[in-house]
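Asker: Letter by letter, the chains look like this.
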Amino acid sequence: MILASILTTNLAILVLAGFIGFVVISKVPNTLHTPLMSGTNAIHGIVLLGGLLIVGLSGNGAFNKVILVIAIAFGTINVVGGFLVTDRMLEMFKAKPKAAGDDAKPGGEKAGGGEASKEKAP
Amino acid sequence: MIAPPLASTFLQAPSFLDVLYIIAFALFIQGLRGLSGPTTAVRGNRTAAVGMAIAVIATLLNQGEGNWGLIALGIALGTAVGVPAARQVKMTAMPQMVALFNGVGGGAVFLISWSEFRLTGGFAHVADSVTALPVYITIFSLFAAIIGSVSFWGSNIAFGKLQEIIPGRPITLGSGQQIVNLVLFILAVAAAVDIAQGNHSQGIFIGMLVCAALLGNAVVLPIGGADMPVVISMLNAFTGLSAAATGIALNNPALIVAGMIVGASGSILTNLMAVAMNRSIPAIIAGGFGGGGAVAGAEGAGEHAGTVRSTSAADAAIQLAYANRVVIVPGYGMAVAQAQHAVRELTKELEKRGVEVSYAIHPVAGRMPGHMNVLLAEADVPYDQLREMDDANPEFQRTDVSLVIGANDVTNPAAKNTPSSPIYGMPILEVNDSHSVIVIKRSMNPGFAGIENELYYDPKTAMLFGDAKSAVSEITAELAQI
Numbered sequence: 001m002i003l004a005s006i007l008t009t010n011l012a013i014l015v016l017a018g019f020i021g022f023v024v025i026s027k028v029p030n031t032l033h034t035p036l037m038s039g040t041n042a043i044h045g046i047v048l049l050g051g052l053l054i055v056g057l058s059g060n061g062a063f064n065k066v067i068l069v070i071a072i073a074f075g076t077i078n079v080v081g082g083f084l085v086t087d088r089m090l091e092m093f094k095a096k097p098k099a100a101g102d103d104a105k106p107g108g109e110k111a112g113g114g115e116a117s118k119e120k121a122p
Numbered sequence: 123m124i125a126p127p128l129a130s131t132f133l134q135a136p137s138f139l140d141v142l143y144i145i146a147f148a149l150f151i152q153g154l155r156g157l158s159g160p161t162t163a164v165r166g167n168r169t170a171a172v173g174m175a176i177a178v179i180a181t182l183l184n185q186g187e188g189n190w191g192l193i194a195l196g197i198a199l200g201t202a203v204g205v206p207a208a209r210q211v212k213m214t215a216m217p218q219m220v221a222l223f224n225g226v227g228g229g230a231v232f233l234i235s236w237s238e239f240r241l242t243g244g245f246a247h248v249a250d251s252v253t254a255l256p257v258y259i260t261i262f263s264l265f266a267a268i269i270g271s272v273s274f275w276g277s278n279i280a281f282g283k284l285q286e287i288i289p290g291r292p293i294t295l296g297s298g299q300q301i302v303n304l305v306l307f308i309l310a311v312a313a314a315v316d317i318a319q320g321n322h323s324q325g326i327f328i329g330m331l332v333c334a335a336l337l338g339n340a341v342v343l344p345i346g347g348a349d350m351p352v353v354i355s356m357l358n359a360f361t362g363l364s365a366a367a368t369g370i371a372l373n374n375p376a377l378i379v380a381g382m383i384v385g386a387s388g389s390i391l392t393n394l395m396a397v398a399m400n401r402s403i404p405a406i407i408a409g410g411f412g413g414g415g416a417v418a419g420a421e422g423a424g425e426h427a428g429t430v431r432s433t434s435a436a437d438a439a440i441q442l443a444y445a446n447r448v449v450i451v452p453g454y455g456m457a458v459a460q461a462q463h464a465v466r467e468l469t470k471e472l473e474k475r476g477v478e479v480s481y482a483i484h485p486v487a488g489r490m491p492g493h494m495n496v497l498l499a500e501a502d503v504p505y506d507q508l509r510e511m512d513d514a515n516p517e518f519q520r521t522d523v524s525l526v527i528g529a530n531d532v533t534n535p536a537a538k539n540t541p542s543s544p545i546y547g548m549p550i551l552e553v554n555d556s557h558s559v560i561v562i563k564r565s566m567n568p569g570f571a572g573i574e575n576e577l578y579y580d581p582k583t584a585m586l587f588g589d590a591k592s593a594v595s596e597i598t599a600e601l602a603q604i
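Chains as they are written, first to last, in the working numbering: chain Y, 1 to 122; chain X, 123 to 604.
So here's chain X without its partners, still in its complex pose:
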C-alpha cells in the first residue's frame, strides 16, 4: 500500500484498523474506571496497557513499505531508557519521574508536528501530490506543536526543580515576568497564524517552537516547590490536549480519545489542587508567592523569636505512649527523608500499646496529588488509617497528640486566623485543635511559601529538630524502652 499522508490516507484506511482503534480506546476508558478503587486498580492499569498495545499493533499493521528499521530503533531506544527508569525509581522520587515522562510525551508531540510540517512543504499540500492540505489540519498541528513544546520544556524545568538540579525556590524576572510571558505567547501565536495563512518558511516554524520553549521555561521557573502539584497536573493536561490535537490532525480516533481523557484528568486534578491551596490557577501561573510572602515571613520571624519549645525524642516518646489517640500528619519532609518505613514502625509500636493511630493527609501534601498516599502504601500502612482532610479535621479536637512530620504550610493556623497572611483562606489540617502537638522538622526555616508557621509558637507545640527518619526512629527506640 502506498500510503498518501495525513487526511487522505485515512479516507482509504481499512475499517478493520478503525475497529482496532475503537477497541483500544474502549480499553483505556475501562482501565481508568478500574482506578476508582484500590482493589481493581492494578487490573485497570493493565487493561489500559493492553489497549495501548492494540493501538500500537494496529498502527504497525498499517505500515506500507514501512521503515521498520527506524521504528525498531526508536522503540528500542525508548524501551532501553524507560524500563530501567520505571523499575528503579524510588517512590519518593515519583513526582520528578512523572514530570519527566510527561515531558518526553510533550517532546514527541512537537517533534511529530515538526516532521509533518517538513513533510508537507510547510503544511502546503499533501506530500507526493498537489492536493491542498485542509487548513484545519494545519491549525491543529500548530496548536499541538506550541502546547507540546511548552509542556516539554515546562516539565523538564519541573523535573529539574524536583530533582534539585535547579533551585526549588521561585526564579523570576521580577515585575516584568508577566509581560515577558505575554510577549512570548503572542509571538508564538502570531507565528502560527502566519503559517496557517500560507507562510511555508521553516524559519517561522522553528521560531514558533523557540517562543513556545521559552514560554515553557518562563512559566515554570517562577513557580515554587509547594505549587508543584498544580504545575505537574497542568502540564499533564497540556500534553493530553496536544495529543488530542495531533489525533485530529492525523484523523486517528484512538489519539483523540486518549488525549482528551488525559486532558480532562489533568484539568480535574489541577483544579482540585488549586482549590486545596485556595489559589487561582492564573495566580499560580503568573508566578508563585513571589517576594511578598517571604518579606512577611521575615517580619514574623522577628516577632516570634525565642518562644519555641523544643523537646527530645525521649520526651516525645513518653507523650505518645500515654496518649489514647495520635494523628500523624505527613508532609514533603517525610518524603525527602525517606521516613515512611520508620513512621510505620513507630505506628506499630504505638498500636502495641493500645494507642489509636491514624494519618491525616492534606490534598497538596508533597509534590504531586496523592504523593503521601503512595509513600504510606509503600510502607504497608492500611487504608483505613488514612484520613482525607475533611474527615480528619473534626477529629483533631479529641486527639491527644498530633505528630507533624515534615509538613509545614498545610498546618499553619494563619490560614484561618490571619487575614494578612498570603495563605489566608487555604484549607488546612487543624492540628492546633488537638491537645498537644509534636513537630518534627529539620530547622526553623520556613516552608516553600516562605511564611512563618504560627503553630510552632503555640504553647502546646513541642519541636523535635532533626531529620524526619532518624527522629522517628529515635522515638520508636525510646518507646520500646518504656
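Chain Y on its own, in the form it takes in the complex:
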C-alpha cells in the first residue's frame, strides 16, 4: 500500500511537471531554440544522479562498477558540456541589445562558462 502511494505520488509529480514544462517552454522564442535545446539537454544529464545512487549501493560486482563509471562519465559529459556550451551561446545573445546599430563589442565567448563548470567539479 505504501509502495502504491509512492508510485501515485511520483506519477502525479510526472504529470504536473509535464504541464509546467509545456507552459514554460512555450514561452521561449524561436530565436532561443538552439540554446533551449542544449540547455534542456544539460538538464537531462541529471541521470547522473541515478549512477551516483546505484554506485553507492553495496553488492556491485566488478563489471557493474565499470558500467556505472561509464554511466557517470556519460552523465557528467552531458551536464558539464551542456551547461558550458549553452552559456557560451547565450553570452553571444546577451551582448546584442547594446550593440544595436554598430558593433561595439565583438563576440562574448569570454570566461562566462567557468563558473558553471566549477559548480560541477567536486
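Hints in this document: simulated from the structure, not taken from any laboratory. Among the clues, some could well be false.
Mimicking DSS-like on lysine-lysine, the simulated pairs with C-alpha atoms at most 25 Å apart in a straight line are [to be verified]: (1) X/K212 / X/K470; (2) X/K538 / X/K582; (3) Y/K94 / X/K470; (4) Y/K27 / Y/K94; (5) Y/K94 / X/K212.
Here are some chain X residues pointing at chain Y (derived, C-beta under 10 Å) [unchecked claim]: (6) L154; (7) P160; (8) G196; (9) M216; (10) V220; (11) G225; (12) G229; (13) S235; (14) G282; (15) I354; (16) G369; (17) N374; (18) G492.
Only a predicted model underlies this, so the values are computations on that prediction, with no experimental measurement involved. The beta-carbon is built from N, C-alpha and C at its ideal position, and this holds for glycine as well.
With chain Y fixed as given, assemble chain X onto it according to the hints.
Answerer: This is chain X only, laid out in the frame that chain Y set:
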C-alpha cells in the same frame, strides 16, 4: 548508513535530501523561465546549473560507505571530455555537439538500467534481501533502458551524419524498412515483457538492448539532413522521458521533474519543426523523402535546364547598392561555409549606404531549431534585424533584393504552386515576391530534399555560384569600390 537499494532506500531517506531535490527542480524551472528572453537567458542557464550542482551534492551526501574512488573517476573522465568539447566547438557545429551530448545522456540511462538489472538479480528482489521488487520499478526501468538505448544510438548516427562521417543522404533498406523497424520494436518490447513477468536471464536483457540499439540505427539512418531539426528534437525528448522513467524507478523527484520537462520541451520543438516542414512526425520517422522526391527532382532538372541566369559579384554589388530594402535569407549553406561574419560585414557596408537590411529566418533553416539565430548572434547581428517567417513574408513584396545565402528548399515556390511536389504545402519564405533575387549557391545541385528549386529558373533570379563566404566577401569588396 547501509543503504538498501531502490525503493526501500527512499522510504528511509532523510527528508532533508528531499528538500534539496525540491530546491533543485525549482531552480530548473526558474532557469528555463529565464530562457524566455535573451537578456535573462544567461542567468536562467546558470540558475539551472546551480540547481544541478545542488542535486549532485544532495546525492553525494546520501552516499553510505561510498564508492568515492569510482565516483571521482567517472566525474573526472566526464569533465575531461565534456569541458574541452564545449569550449572548443564552433557555433556552426552546434547541432552535432547537441546530438552527441544527447547521445551520452541516453547512454547513461541504459547503462544505469542495466546495472540495476544486474544488482537486483534481474529485477527479482531488492539487493541484499529477499524483498520482492515492485513490478512498476521493473517496468519503468525497462522503459528507460529501451528508450535510452534508442536515443544513444540514434543520436550517434545523427552526430555522424551532421559531422559527415556518415553520408547525410537517407540510407534505407528500401520498402522493407518499416517492417524491419516494427519487428525490432516488437522484439524489444517482447523481451521487456518477458523480463517483467519474471525472466531473470541477462541474455534476454542484453538482447532487448541490442534490439533497441538496432532500432535507433534503423530509425535515424534513413532520415535526410534537412529533417535533422525534427530528429534532434525528438531524440532530446526521448532522453528526457527515459530520465523521468529512471526517476520513477529510483523514486527521485529531481530526476522525474527534470526528465519530464526535457521531454515536454523536446516534444514541443519536434512538433514545431514538423509543422514548419508540413510533415507529420510519423512520416519523417518512417523514412525521409526517400526515392520519390529525388526522381521528381531529376525530371524537373531536365525540363528547366538552360534557363538559369548567373551573375557576378560586381553585378550583385551594384544591384544591392542601389536597393532601398534588402532581405537576407540564410540557410545551412551559410553555416557550412562559416559565412556569418562575412554576411555581417556585407550588412554593415550596405547600411553605410542607407540600405535597409533585415534577415528572414525560416524555422527549419539549418540543422537544428534556431540554428541560424545562433550563428547570426555570434556575428553580432542585432535582434531587431531578425524576422521570423510570419513577419518576414508580407514584407517581401516591398523588398528590392532578396539575397539567399545557402538556403534552398525553404525558398522553393513549388511548395505553394506545385501540388505534385513532395514539399507542397510546406510554409516557405516567399522570396519570389520580391522585386529581384540573388541566390548564392555552390552549384545547381538540389537540396537535401532532392527537389529542384523553381526559384532558380525565375527570370528575376540571378545565381551567384561559389562558396558562400568568399562570394559574400567579394560582394563586400566590390561594394566598397562603388
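Asker: Hint by hint, note whether the structure agrees.
Answerer: Results of checking the hints against the structure:
Proposed proximity of X/K212 and X/K470 is supported: the alpha carbons are some 23 Å apart, at most 25 Å. Taking the CA atoms of X/K538 and X/K582, the gap is about 18 Å. The hint holds against a cut of 25 Å. The suggested pairing of Y/K94 with X/K470 holds, with an alpha-carbon distance near 20 Å, which does not exceed 25 Å. Between Y/K27 and Y/K94, the direct Cα distance comes to roughly 18 Å. Compliance with the 25 Å bound is thereby established for this hinted pair.
The straight-line distance between the Cα atoms of Y/K94 and X/K212 is roughly 18 Å, inside the 25 Å bound, and the hint therefore holds. Annotation: X/L154 was flagged as interfacial toward chain Y, and the flag holds, the nearest CB pair being 5 Å apart, inside 10 Å. Taking 10 Å as the C-beta contact cut-off toward chain Y, the hint placing X/P160 at the interface holds, the least distance being around 4 Å. This hint holds: X/G196 has a C-beta 3 Å from the nearest C-beta of chain Y, less than the 10 Å allowed.
The beta carbon of X/M216 comes within 6 Å of a beta carbon in chain Y, closer than 10 Å, and the hint placing it at the interface holds. The interface hint given for X/V220 holds, since its Cβ lies 5 Å from the closest Cβ of chain Y, which is under the 10 Å cut-off. Contact between X/G225 and chain Y, as hinted, is supported at the beta carbon level, the nearest pair being about 9 Å apart and thus within 10 Å. The criterion of a C-beta within 10 Å of any C-beta in chain Y is met by X/G229, whose closest approach is roughly 5 Å, and the hint holds.
Interface restraint check: X/S235 against chain Y, minimum CB-CB distance 8 Å, threshold 10 Å, status holds. Annotation: X/G282 was flagged as interfacial toward chain Y, and the flag is violated, the nearest CB pair being 17 Å apart, outside 10 Å. A distance limit of 10 Å between C-beta atoms decides the matter here; for X/I354 the minimum to chain Y is near 7 Å, and the interface restraint holds. At a threshold of 10 Å, the smallest CB-CB gap from X/G369 to chain Y is about 8 Å, leaving the interface hint in force.
The beta carbon of X/N374 is positioned within 10 Å of a beta carbon in chain Y (closest approach about 6 Å), and the interface hint is therefore held. Because the beta carbon of X/G492 sits about 3 Å from the nearest beta carbon in chain Y, less than 10 Å, this interface hint is met.
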